[in-house]
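*Asks:* Residue numbers (the working numbering), protein chains in the order written: chain A, 1 to 113; chain B, 1 to 122.
Note that these hints are calculated values from the structure, not bench results. Keep in mind that the hints are not guaranteed to be accurate.
Using 20 angstroms as the maximum straight-line C-alpha spacing, the simulated EDC-like pairs for lysine to aspartate or glutamate come out as follows [said to hold, decoys possible]: (1) A/K45 with B/D110; (2) B/K65 with A/D1; (3) A/K51 with A/D1; (4) A/K36 with B/D110; (5) A/K36 with B/E46; (6) A/K45 with B/D106; (7) A/K45 with A/D1; (8) B/K43 with B/D62; (9) A/K109 with A/E87; (10) A/K51 with B/D106; (11) A/K51 with A/D66; (12) B/K43 with A/E111; (13) A/K113 with A/D88; (14) A/K51 with B/E46.
Only some residues are given here: those of chain B computed to face chain A with a beta carbon under 7 angstroms [what the hints assert, rightly or not]: (15) G44; (16) L45; (17) W47; (18) F59; (19) A61; (20) D89; (21) Y95; (22) A107; (23) V108; (24) D110; (25) W112.
Heads up, the beta-carbon is just placed ideally off N, CA and C, and yes, glycines get one too.
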Amino acid sequence: DIVMTQSPDSLAVSLGERATINCKSSQSVFFTSNNKNYLAWYQQKPGQPPKLLIFGSSIRESGVPDRFSGSGSGTDFTLTISSLQAEDVAVYYCQQYYSTPYTFGQGTKLEIK
Amino acid sequence: QVQLVESGGGVVQPGRSLRLSCAASGFSFRTYTMHWVRQAPGKGLEWVAVISSDGSSKFFADSVKGRFTISRDNSKNTMYLQMNSLKLDDTAVYYCARESIPYGSDAVFDYWGQGTLVTVSS
């Protein structure tokens, strides 16, 4: 199984500042034949299901604000929120869909400092 | 609009069975691969199972293999999760989720239900 490890476990950032969450996979999730990274990011607010933010490592889902961006390839990935808003307080998960079982990181809790 | 509504959760004793349903609307259900993902109280997300659009292909997490089965009835726009031999560790909110591309093979989940809580307790 591919193990996904996020860092940090929790993060406090001031409003308007940048937030960065890292995700590392135990093996590459890059498929060379189509040049795609099989890595997605989700946001989950309390009492709600997860919401898709990013797929293919860096492709923003329709309707997601452009302050959210994803980067990385192979085994190391980053979710960046360029200017933190109050509504961004949530737990963020990375997920690999390279192979079954599809696995998630343990989550990173983002709070306002 | 796309809607996924889970039902069937509840409190059940260890070793007993439960069947969850996921009713879909607002899209062509028969063209999408569907998944179950669960979340234990206060914990992270765990993928559980997947079923292809026509129901011919199914995969399971090791933690539920041999105990859970997944099925769908495309005429009723509904997916099911039959959970047998339930364990305490199966206690979780169970979400159904849709893959983002019809007939696709990328397990990117663009729509999720609100979830149904399964509590396994003696």
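*Asks:* Give a verdict on every hint.
*Replies:* These are the hints, each one checked on the structure:
Annotation: proposed proximity of A/K45 to B/D110 holds, straight-line Cα distance about 16 angstroms (limit 20 angstroms). The suggested pairing of B/K65 with A/D1 holds, with an alpha-carbon distance near 15 angstroms, which does not exceed 20 angstroms. With a CA separation close to 24 angstroms, the supplied pair A/K51 and A/D1 exceeds the 20 angstroms bound. The straight-line distance between the Cα atoms of A/K36 and B/D110 is roughly 18 angstroms, inside the 20 angstroms bound, and the hint therefore holds.
About 23 angstroms separates the Cα atoms of A/K36 and B/E46, which puts this hinted pair outside 20 angstroms; it is violated. Our distance criterion of 20 angstroms between C-alpha atoms is broken by A/K45 and B/D106, whose separation comes to about 24 angstroms. Distance check on the hinted pair: A/K45 and A/D1 sit about 27 angstroms apart at the alpha-carbon level, beyond 20 angstroms; violated. About 18 angstroms separates the Cα atoms of B/K43 and B/D62, which keeps this hinted pair within 20 angstroms; it holds.
For the proposed pair A/K109 and A/E87, the alpha carbon gap of about 13 angstroms is at most 20 angstroms, so the pair holds. Between A/K51 and B/D106, the direct Cα distance comes to roughly 16 angstroms. Compliance with the 20 angstroms bound is thereby established for this hinted pair. The hinted pair formed by A/K51 and A/D66 meets the criterion: a straight-line CA distance of about 15 angstroms does not exceed 20 angstroms. About 17 angstroms separates the Cα atoms of B/K43 and A/E111, which keeps this hinted pair within 20 angstroms; it holds.
A hinted pair counts as satisfied when its Cα atoms are at most 20 angstroms apart, and A/K113 with A/D88 qualifies at roughly 12 angstroms. Note on A/K51 and B/E46: the hinted pairing holds, with a Cα-Cα distance of about 15 angstroms set against a maximum of 20 angstroms. Contact between B/G44 and chain A, as hinted, is supported at the beta carbon level, the nearest pair being about 5 angstroms apart and thus within 7 angstroms. At about 4 angstroms, the closest approach between the beta carbon of B/L45 and any beta carbon in chain A falls short of 7 angstroms, and the interface hint on this residue holds.
With 7 angstroms as the threshold, the beta carbon of B/W47 comes within range of chain A, its nearest partner Cβ sitting at about 4 angstroms, so the hint holds. Here the hint on B/F59 is kept, as its CB sits about 5 angstroms from the closest CB of chain A, short of 7 angstroms. The beta carbon of B/A61 comes within 5 angstroms of a beta carbon in chain A, closer than 7 angstroms, and the hint placing it at the interface holds. The beta carbon of B/D89 comes no nearer than 16 angstroms to any beta carbon in chain A, farther than 7 angstroms, and the hint placing it at the interface is violated.
Look at B/Y95: its Cβ gets to within about 6 angstroms of chain A, closer than 7 angstroms, so that hint holds up. Hint status for B/A107: holds, given a least beta-carbon distance of 4 angstroms to chain A, under 7 angstroms. At its closest, the beta carbon of B/V108 sits 4 angstroms from a beta carbon of chain A; the interface hint therefore holds under the 7 angstroms criterion. Taking 7 angstroms as the C-beta cut-off, the interface hint given for B/D110 holds, the closest approach to chain A being about 5 angstroms.
For B/W112, the interface hint holds, the least distance from its beta-carbon to any beta-carbon of chain A being 4 angstroms, beneath 7 angstroms.
Checked against the numbered hints given earlier, this structure breaks hints 3, 5, 6, 7, 20; the rest are met.
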